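Engineer: Each chain, letter by letter, is given below.
There are 2 protein chains.
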Amino acid sequence: MNDITIDRERLWSSLQKLGEIGETDDGAMVRVTGSPADAAARDTVVSWFEDAGMNVTVDAVGNIKARLPGTTDEDPVMTGSHIDTVPHGGKFDGVVGVLAPLEVVRAWNDAGITPERPLDIVVFTEEEGTRFGVGLLGSLVATGKLALADALELSDGNETVRECLASIGYNGAGTIDLSSATSFLEIHVEQGPILDESEIDVGIVDAVAGITHHRVVFEGTADHAGNTPMDMRRDAYLGAAQFALELESIATSAGEHSVGTVGKSTVSPNGTNVVPGRVELGVDIRDIDSKRLSHMIDDAKAAATNAADARGLDVRWETLLEVEPTDLSAEIRRRLERAANSTDSTYRTMLSGAGHDAMNVAETVPTGMLFVPSEEGLSHTPEEFTSPEDLYRGTRVLEAAIRDLVGGPHAVSSPLSEKHPDSA
Amino acid sequence: MNDITIDRERLWSSLQKLGEIGETDDGAMVRVTGSPADAAARDTVVSWFEDAGMNVTVDAVGNIKARLPGTTDEDPVMTGSHIDTVPHGGKFDGVVGVLAPLEVVRAWNDAGITPERPLDIVVFTEEEGTRFGVGLLGSLVATGKLALADALELSDGNETVRECLASIGYNGAGTIDLSSATSFLEIHVEQGPILDESEIDVGIVDAVAGITHHRVVFEGTADHAGNTPMDMRRDAYLGAAQFALELESIATSAGEHSVGTVGKSTVSPNGTNVVPGRVELGVDIRDIDSKRLSHMIDDAKAAATNAADARGLDVRWETLLEVEPTDLSAEIRRRLERAANSTDSTYRTMLSGAGHDAMNVAETVPTGMLFVPSEEGLSHTPEEFTSPEDLYRGTRVLEAAIRDLVGGPHAVSSPLSEKHPDSA
Chain A
1 MNDITIDRER
11 LWSSLQKLGE
21 IGETDDGAMV
31 RVTGSPADAA
41 ARDTVVSWFE
51 DAGMNVTVDA
61 VGNIKARLPG
71 TTDEDPVMTG
81 SHIDTVPHGG
91 KFDGVVGVLA
101 PLEVVRAWND
111 AGITPERPLD
121 IVVFTEEEGT
131 RFGVGLLGSL
141 VATGKLALAD
151 ALELSDGNET
161 VRECLASIGY
171 NGAGTIDLSS
181 ATSFLEIHVE
191 QGPILDESEI
201 DVGIVDAVAG
211 ITHHRVVFEG
221 TADHAGNTPM
231 DMRRDAYLGA
241 AQFALELESI
251 ATSAGEHSVG
261 TVGKSTVSPN
271 GTNVVPGRVE
281 LGVDIRDIDS
291 KRLSHMIDDA
301 KAAATNAADA
311 RGLDVRWETL
321 LEVEPTDLSA
331 EIRRRLERAA
341 NSTDSTYRTM
351 LSGAGHDAMN
361 VAETVPTGML
371 FVPSEEGLSH
381 TPEEFTSPED
391 LYRGTRVLEA
401 AIRDLVGGPH
411 AVSSPLSEKH
421 PDSA
Chain B
1 MNDITIDRER
11 LWSSLQKLGE
21 IGETDDGAMV
31 RVTGSPADAA
41 ARDTVVSWFE
51 DAGMNVTVDA
61 VGNIKARLPG
71 TTDEDPVMTG
81 SHIDTVPHGG
91 KFDGVVGVLA
101 PLEVVRAWND
111 AGITPERPLD
121 IVVFTEEEGT
131 RFGVGLLGSL
141 VATGKLALAD
151 ALELSDGNET
161 VRECLASIGY
171 NGAGTIDLSS
181 ATSFLEIHVE
191 QGPILDESEI
201 DVGIVDAVAG
211 ITHHRVVFEG
221 TADHAGNTPM
231 DMRRDAYLGA
241 AQFALELESI
251 ATSAGEHSVG
261 TVGKSTVSPN
271 GTNVVPGRVE
281 LGVDIRDIDS
291 KRLSHMIDDA
301 KAAATNAADA
311 RGLDVRWETL
321 LEVEPTDLSA
331 EIRRRLERAA
341 NSTDSTYRTM
351 LSGAGHDAMN
361 VAETVPTGML
371 FVPSEEGLSH
381 TPEEFTSPED
391 LYRGTRVLEA
401 AIRDLVGGPH
411 AVSSPLSEKH
421 PDSA
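Taken in order, these protein sequences are the chains called A and B.
Each residue of the first sequence is one higher than the one before, starting from 1 at the first, in my numbering.
Each residue of the second sequence is one higher than the one before, starting from 1 at the first, in my numbering.
These aren't lab readings, by the way, just hints derived from the structure by calculation.
Take the hints with a grain of salt, since some may be wrong.
Covered stretches of chain B, going by a simulated chain A footprint (3 or more residues, C-beta under 8 Å) [as the list claims (entries may be wrong)]:
#, segment
1, 128-140
2, 158-172
3, 282-288
Quantities reported herein were computed from a predicted structural model and do not represent experimental measurements.
C-beta atoms are modelled at their ideal positions from N, C-alpha and C, and glycine is treated no differently.
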């Protein structure tokens, strides 16, 4: 084990370098799919993969796969995440899941280690879904849950996915064959406060909340704000406002792990002196329990209809994403626990309220997730932060787990232990 | 009188031609200040003015003034309006107030008539205020209510007014001297249903509602929509939603001529899966009564504070525009009534709930406004419509009124009559 060294400074420096691509003057990340920043970030990680001796391919939806060849041609172990960000996001979300495994490969290279099975690092396209309205886009296509042709025709009103990928030169052929993988691991920042508050090194995720995205459109009449009496209006903004407040009540009363959010809003015509004629909302509803999630969505639909009826508006509800709550692999969880023990790391099992590409993969491949602490739980903001030390600790656990999964003379062989501070 | 003929087809055809500039595929007008469409529309009306023998100058805030010389150098009569539109607006708002007086000049040219006083047609910049957030911008500067230097530094976040006017070549010198005018007339579409429903030819406006615009910013925390429990959020969208619904109640209960509107909303970061950290609203509050207007604004500010406090948000209220309710000139109103009578037109006096450049001018110059019918009262939408016949009738009244005001052998000399279907 002494011959494998995770290089804390190399990992941190790579993360900082990637964080300069798409960084605004106020330190926020804006690296939206297909933007010049996305293209530059893709080029950068591809060059790093190649420098580490990996073979890079790009599939038809822009997913990048970097393969470290094994000593055999057996089915690979896969890991990965994404490098797109929400608008005004941070430097860690997704990126950790690409650069931590890259550091694993670099450390193996330094130590002269070649895995038995190939190791694939995957960079999924449009995980955040902020540009084309569908989150986890790359893994939805790679797992066959969304047809490639449909994904490529998604549009942001200006450009389709197909056009956008062609314009940055990341339009390859075929789709990544995830079903060939023996296992899939994703390391990610927690995006919540639990690990940071309890000072635990890593979280081992046993389930991911069900996540649904909806486009809700209220249509009224655009009228002059000065000459249209209050009682003659069909104000789409007010319908949307009433709906948003009712969604808050629904989620608050549903349960501890229930959340409902109006995150996105587009008003037309959007002039101060015009009664809004149309409002399009991006709505996010999640729960760890499948039945409760389904009830929340029904209640939210009824609330939208009520809000529209109260003002003579039309309303249209379109579900864009619907992923069931997902249990992750118990076998992989045990492997991750073993890796944590072998590196003297503290850990706890936990739920993920956030959706991740791993939950799409989990239906076809034994899948595990590892969380590293997020300072104060901040996420999707320029202030999100994970310390170099926490990154280092998490990457050591990841390295041990991957080494275990790829097989070979360096695989971890210590038995399962009971070191587990909180299994609730 | 027989020698002066308003050419219905020429007027309609000019209006249609201008309506093709900035027209979208679905027939809407998007001619925002400083856009290529705005530049093209300005070039077009300037060429029409020059073809009609008028001398065109442009001032430092982009206001265009076309002068038809009189037989004397006495102080001019002024008329005019604007050619910018709200996003997704119609072809008539503002444009009628530029092209109807142009048709008057063309008709005079045909008839060989030269006025005694010069006649100025003014095209004001950024009346709608949709790009730089300040409505009636051109007339605010021309009347000295807003300092030129401040107006030029207004920015849409991308470009200042100064840069935008320079880029389209409409950055002249000085500002139009409105105080030199003996009188100012603005003909405009009603933007309400009264004339259309009662089948009256023209409305003679005796007062314009006070109009105020405000920027209201709610600041919370952008957090992950999946990992942030409902009770730990500071959701700026929900604060804005609660405020908008309370503003509706305030305006509804204030009075018949009271209106309050959230017309514009910008959400940050605006991702479906991010709790909104910041919402900026464009708020419009109007009333015909100065005291009631002031009370409404106070109530709205209190509502914004309450909505923010309820969710631990910060709120900032900035008043961008504050124009008092304005009484128009009684003398000009009598002249307009005389002009309506002399052309056998039906008319009624009425209020304007919409703000117009005329109300800025009214403080320094005797000012009148003439309304022509808006079909179904629709306004600020591609569906706004005034028939060729209604435009013709309104322009005939305008012509007679201007001819009266400029003086000379053709001036109207008939006495005031009592023809007045509804003076309520």
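Engineer: Compare the structure with each hint and give your call.
Structural biologist: Hints, verified against the model:
no.	hint	in the structure
1	128-140	holds (count 5)
2	158-172	violated (count 0)
3	282-288	holds (count 4)
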